[in-house]
Amino acid sequence: MADEVILLDFWPSMFGMRCRIALAEKGVKYEYKEEDLRNKSDLLLRMNPIHKKIPVLVHNGKPVCESLVILHYIDEVWSDKCPLLPSDPYQRAQARFWADYIDKKFYDLGRKLWTTKGEEQEAAKKELIDSLKLLEGELGDKPFYGGEKLGFLDIALVPFYTWFYAYETFGNFSIEAECPKLIAWTKRCLEIENVSKSLVEPQKVYDFVLQLKKALGIE
Amino acid sequence: MAEEVILLDFWPSMFGMRARIALREKGVEFDMREEDLSNKSPLLLKMNPVHKKIPVLIHGGKPVCESLIIVQYIDETWGHESPLLPSDPYERARARFWADYVDKKIYLALRTLRPSTGEAQEAAKKEYIESLKVMEGELGDKAYFGGERFGYVDVSLIPFYSWFYGLEVLANFSIKEECPKLVAWAERCMQRESVAKSLPDQYKLYEYLLERTKKLQAQ
Chain A
0 MADEVILLDF WPSMFGMRCR IALAEKGVKY EYKEEDLRNK SDLLLRMNPI
50 HKKIPVLVHN GKPVCESLVI LHYIDEVWSD KCPLLPSDPY QRAQARFWAD
100 YIDKKFYDLG RKLWTTKGEE QEAAKKELID SLKLLEGELG DKPFYGGEKL
150 GFLDIALVPF YTWFYAYETF GNFSIEAECP KLIAWTKRCL EIENVSKSLV
200 EPQKVYDFVL QLKKALGIE
Chain B
0 MAEEVILLDF WPSMFGMRAR IALREKGVEF DMREEDLSNK SPLLLKMNPV
50 HKKIPVLIHG GKPVCESLII VQYIDETWGH ESPLLPSDPY ERARARFWAD
100 YVDKKIYLAL RTLRPSTGEA QEAAKKEYIE SLKVMEGELG DKAYFGGERF
150 GYVDVSLIPF YSWFYGLEVL ANFSIKEECP KLVAWAERCM QRESVAKSLP
200 DQYKLYEYLL ERTKKLQAQ
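Those protein sequence lines, which keep their order, are chains A and B.
Using numbering that gives the first Met the number 0, the first residue of the first sequence is number 0, and each one after it goes up by one.
Using numbering that gives the first Met the number 0, the first residue of the second sequence is number 0, and each one after it goes up by one.
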């Protein structure tokens, strides 16, 4: 019996990109459904009534919400290939810790970079750079966070790369200058087809943010 | 050979309580060390340099931080015969989703409720009750969130029960009246030794909240 897998998503979403990469790594065939977040579909509202957010993975009619929960689910259902999480409980805890750190910090800090100015923006910039440096430190000399291969934390982090250009432009700084090893890591990730085909172009994200700023009335 | 297990904790912390319950459910001997959060120990700062928060589980000298990550680590390391997370991937995803909801919504509502007064307090109370009602809806007629067995979501939520009495007195409302089924579930959980031993006395908690409120008001 064939699985029906649908991903409710929104093209610039880092959280959606995580799911796209994971599904690609596992070789899962799925239907990608683009949501208009200003006009959410009945399906989205029905599948995620609590948060009404994307991404939502709908597997044989049953919804899984929250990107990191979705990653765990994908890893556990399609367990025959490409394990995303390590098998050792301590290493799993470490991967989860850093993915949680990304979720606690990056989205809100990044958002401040293009919605605020002056002191508030400078403070956000500094905090974002510090957070990126911490993650860079965590990578160390490994090719990927998962070791020799792409893993859970790589997948959790790499989509944010698509927003770096926008952050850098609005915040007037260079992430590569601050975190060269991290950028080297993103380049390694982009060499993997499953990653590059799941991510969107940074220029498109920048244009999207510009449009969003206009729509929100932000200078 | 059993490796040393230390829990850096703070007695009123709901997040610390989660770790205590999980360890006791698994029958793991541990050394619970009380932290003075106004004077954090060098051990805490060394074991959780990123967030500098409790709880921290130290197993064989290696730290695990963030309460839900700790609970998952405990589940994966000990007592495989009595897992906290269900075995079915979809049910696991549901459990993770709801534990995340507790952290995202209920805890956030609580943090808004705590320092508020007057009209803001009324709004915060409403929000808090609403978030509890959503959990109550999810519980339905089940004995526990996972069904017949006490599990991950129960562990993530039950610590909040120790704060109910104090909140009710300080904010003048009755959680039992608003969410009778949830309180019935809580009382059921309290009959488990792991829970009863891990939650502080509600009057002691009330005194702690009262003292904190006075301190906040004095500032």
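Think of the hints as simulated: they come from the structure by calculation, not from any bench.
Don't take each hint at face value.
Stated by the list, open to error - For each label pair, taking beta carbons as the anchor points, the in silico distance ranges come out as: (1) B:51 - A:183: 53 to 61 Å; (2) B:183 - A:173: 51 to 59 Å; (3) B:180 - A:36: 32 to 40 Å.
Even glycine gets a Cβ: it sits at the ideal position worked out from N, Cα and C.
Right, here's what the structure says about each hint:
1. B:51 - A:183: 53 to 61 Å: Roughly 30 Å apart at Cβ, these two residues miss the hinted range, so it is violated.
2. B:183 - A:173: 51 to 59 Å: With Cβ atoms ~57 Å apart, the hint holds.
3. B:180 - A:36: 32 to 40 Å: Roughly 34 Å apart at Cβ, these two residues keep to the hinted range, so it holds.
Checked against the numbered hints given earlier, this structure breaks only hint 1.
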